[in-house]
Amino acid sequence: MVIQAIMKKNFLEFYRNKISIVLLILFPLFFLFIFHTAFGNLQIGGVDTYSIALINHDQGIPTELKDTLQPSLTSWVEDGVAANISAIIEQVTYNDSAHTPIFSVKDISADAIDNAIKNEEIAVAVVFPENYSLLVLNQINLAYGNQSIPGYPTAVNATIEFIRDINNPLANIPIAIITQIIDTFHNTILSGDRQGLTIDQQSVVRGEINSVFDYIASGLLVFATVLAAAYFSAQLLADEQGGTMMRIKISDARPIEYVSAFFLQTFLLVMIQQVILLFCAIIIFGFHPVGSLFVGYIILLLSSIPMYALVFSAGSIFRSSDTAGNVIGFSSSIIGFASGIFTEMPSLVLARNVMQFRSGSPDLLLWDLVPWTHAVNAIRVVFLYDQSLIDVAGDLVLLVVTSVIWLAIAMYFYMRNTFRRDY
Amino acid sequence: MIPQEIVIWDDLTVQENMEYVASLYRLPADQAKTNIDSLIKEIHLEDKRHDLAKNLSGGLKRRLNIIMGLVHDPEIIVCDEPTPGLDPQSRALVWDFIRDLSQKYGKTVILTTHFMEEADRLSDIVAIMDHGKLLVVDTPENLRQSIGEGDLVEIHLNDDNLLDEAYTKLQDHKSVLDLKLVSDMLQLRCLNAPSKLASIFNRIEEIEGLVVKDVKIRNATLEDVFIHLTGRELRE
Numbered sequence: 158m159v160i161q162a163i164m165k166k167n168f169l170e171f172y173r174n175k176i177s178i179v180l181l182i183l184f185p186l187f188f189l190f191i192f193h194t195a196f197g198n199l200q201i202g203g204v205d206t207y208s209i210a211l212i213n214h215d216q217g218i219p220t221e222l223k224d225t226l227q228p229s230l231t232s233w234v235e236d237g238v239a240a241n242i243s244a245i246i247e248q249v250t251y252n253d254s255a256h257t258p259i260f261s262v263k264d265i266s267a268d269a270i271d272n273a274i275k276n277e278e279i280a281v282a283v284v285f286p287e288n289y290s291l292l293v294l295n296q297i298n299l300a301y302g303n304q305s306i307p308g309y310p311t312a313v314n315a316t317i318e319f320i321r322d323i324n325n326p327l328a329n330i331p332i333a334i335i336t337q338i339i340d341t342f343h344n345t346i347l348s349g350d351r352q353g354l355t356i357d358q359q360s361v362v363r364g365e366i367n368s369v370f371d372y373i374a375s376g377l378l379v380f381a382t383v384l385a386a387a388y389f390s391a392q393l394l395a396d397e398q399g400g401t402m403m404r405i406k407i408s409d410a411r412p413i414e415y416v417s418a419f420f421l422q423t424f425l426l427v428m429i430q431q432v433i434l435l436f437c438a439i440i441i442f443g444f445h446p447v448g449s450l451f452v453g454y455i456i457l458l459l460s461s462i463p464m465y466a467l468v469f470s471a472g473s474i475f476r477s478s479d480t481a482g483n484v485i486g487f488s489s490s491i492i493g494f495a496s497g498i499f500t501e502m503p504s505l506v507l508a509r510n511v512m513q514f515r516s517g518s519p520d521l522l523l524w525d526l527v528p529w530t531h532a533v534n535a536i537r538v539v540f541l542y543d544q545s546l547i548d549v550a551g552d553l554v555l556l557v558v559t560s561v562i563w564l565a566i567a568m569y570f571y572m573r574n575t576f577r578r579d580y
Numbered sequence: 006m007i008p009q010e011i012v013i014w015d016d017l018t019v020q021e022n023m024e025y026v027a028s029l030y031r032l033p034a035d036q037a038k039t040n041i042d043s044l045i046k047e048i049h050l051e052d053k054r055h056d057l058a059k060n061l062s063g064g065l066k067r068r069l070n071i072i073m074g075l076v077h078d079p080e081i082i083v084c085d086e087p088t089p090g091l092d093p094q095s096r097a098l099v100w101d102f103i104r105d106l107s108q109k110y111g112k113t114v115i116l117t118t119h120f121m122e123e124a125d126r127l128s129d130i131v132a133i134m135d136h137g138k139l140l141v142v143d144t145p146e147n148l149r150q151s152i153g154e155g156d157l158v159e160i161h162l163n164d165d166n167l168l169d170e171a172y173t174k175l176q177d178h179k180s181v182l183d184l185k186l187v188s189d190m191l192q193l194r195c196l197n198a199p200s201k202l203a204s205i206f207n208r209i210e211e212i213e214g215l216v217v218k219d220v221k222i223r224n225a226t227l228e229d230v231f232i233h234l235t236g237r238e239l240r241e
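Protein chains in written order, with the working numbering: chain A, 158 to 580; chain B, 6 to 241.
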């Protein structure tokens, strides 16, 4: 009942205070508008052709199976699966009038890949493993109940390797397109249409060319939670300044009830805020997320954890709502830059090769200390490159761990400073 | 407890402020409604019930602040300076309300105040504290008598430079029971003051060029008691 009453009071204040709408909704929308105006039509890489290398170690179909498979499966049986996919990759073009090729495939040996990437001769190298064709046969076998054709291989493990410069975010674009080509290829085979294997080129390249706005908008959605921290900090301090804490202390209500109500109320507002922002970003500003909106939404909600840490830090440090609002508001831009929301940050390495479990750099960077960095990485990987929640699990673990540690410290000082004070 | 600061929520109405505080005390809804209706009526805020608190005048906010501390119907009420900044009408209303709390509803009210008149009017027992130290506890009547019998006479002269000389002249006047030099005036205490004034004025005007410019006769107040007990040095 007390929690409900505190939430009701907070919602009434939110509803009647027009500034709150501005800070939570209009301000982030303004940022989206500005960046949409500036970068909305600027594609990452434009219609540039990406230089890539295709390293084909695929041994193809074993001779003893070829006779079984012929004549129903023609070209890729003869040449191997990787060779067929490579041919498609070389042929795909943009949907422009000139049909500009998306990839320029360089003839580079496996040994020369590192140097070629370092010298920016290629953006990415795709390495097909030697048992890749067997893998595809195995998938067909599994799809048809392990008995479609006698002698099919089973339990094959193979991974296509993408080699790139981890500090080059634009390398993700050719990787995303190639991944989609391969997926389409596999789906076509597994769907049973194994004859001819014609792939609709247009469907392969339909949405993978993200604009710079798509890149920034993903981060701006996370940034909205940083901006919300300024408002919620001011609200928390206004409650203390206005005597709410004193009323609670002299009443039968418990501090934990106040804090719980604050968490619930602000979380509901963040949920609503993010739905509105996502809706507006897509409908009004043409934000084009390739990946799952639901997964992205989950990530956005998780990015409210560091928001709480920031809010309660402000609550334990400042005594005035104006000061808290101003300082956190000002800090939000610094946090925005530090977490890579507006631009890629330079690699300030603290430790090498200790973060291999996440989607981005395997090195521990200075920016990793800012929890929002992990939210930004995760949501970009999901929204721009169509990865799943599992693929960004490492980033989310980092987000939650860094945020919860910070939040625990902030809560300790907040509760100590606020509710132990004598009135 | 009724805090000295006005602790209300500007973006809530009078009714919502009351309901919110009632819920902090875990009052059942029906009891909360009864208490709120009664208090709003007692303090004359019925027509402001649905107004936002931020639109109330300072006096109305102070009145709301008072009843918010009473919504849970406490037996002991701590009132921390309830009337600063109130106009005379509002102050009178609040004083009546506080007096009713003890006399009509049998509540124990502990009132802290710097207004001695407020303490005098509202209290059965007054405790005077200075620098955290309890100096005296008694009824207002006894406290007033404690500084001596008679009337207090305050005399202003035409020349403040001669105050010391006038003070010396009156020191041995037989009617003057107590004499003080207080900034720009002489303050003395004597029995039946009106009948003694002519004699006192004559003594003062024996000093050449000195005449009495103004005189006030009044009864001793709790303020005099406070000054008597704590001195005239400024407090922090």
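Honestly, the hints are just simulated from the structure, not real lab data. Small disclaimer: the values here were computed from a predicted structure and weren't measured. For glycine and all other residues, C-beta sits at the position ideal for the given N, C-alpha and C. Errors might be hidden in some of the hints.
[To be verified] Below are the SDA-like pairs computed for lysine to any residue, each with C-alpha atoms no more than 20 Å apart in a straight line:
| no. | chain 1 | residue 1 | chain 2 | residue 2 |
| --- | --- | --- | --- | --- |
| 1 | A | K406 | B | D78 |
| 2 | B | K66 | A | G399 |
| 3 | A | K175 | B | N224 |
| 4 | B | K59 | A | A395 |
[Stated by the list, open to error] Partial chain B-side listing against chain A, Cβ under 8 Å, derived:
| no. | residue |
| --- | --- |
| 5 | M6 |
| 6 | L17 |
| 7 | Y25 |
| 8 | S28 |
| 9 | D78 |
| 10 | Y172 |
Legend entry - Indices of hints not satisfied (ascending): 3, 9 and 10
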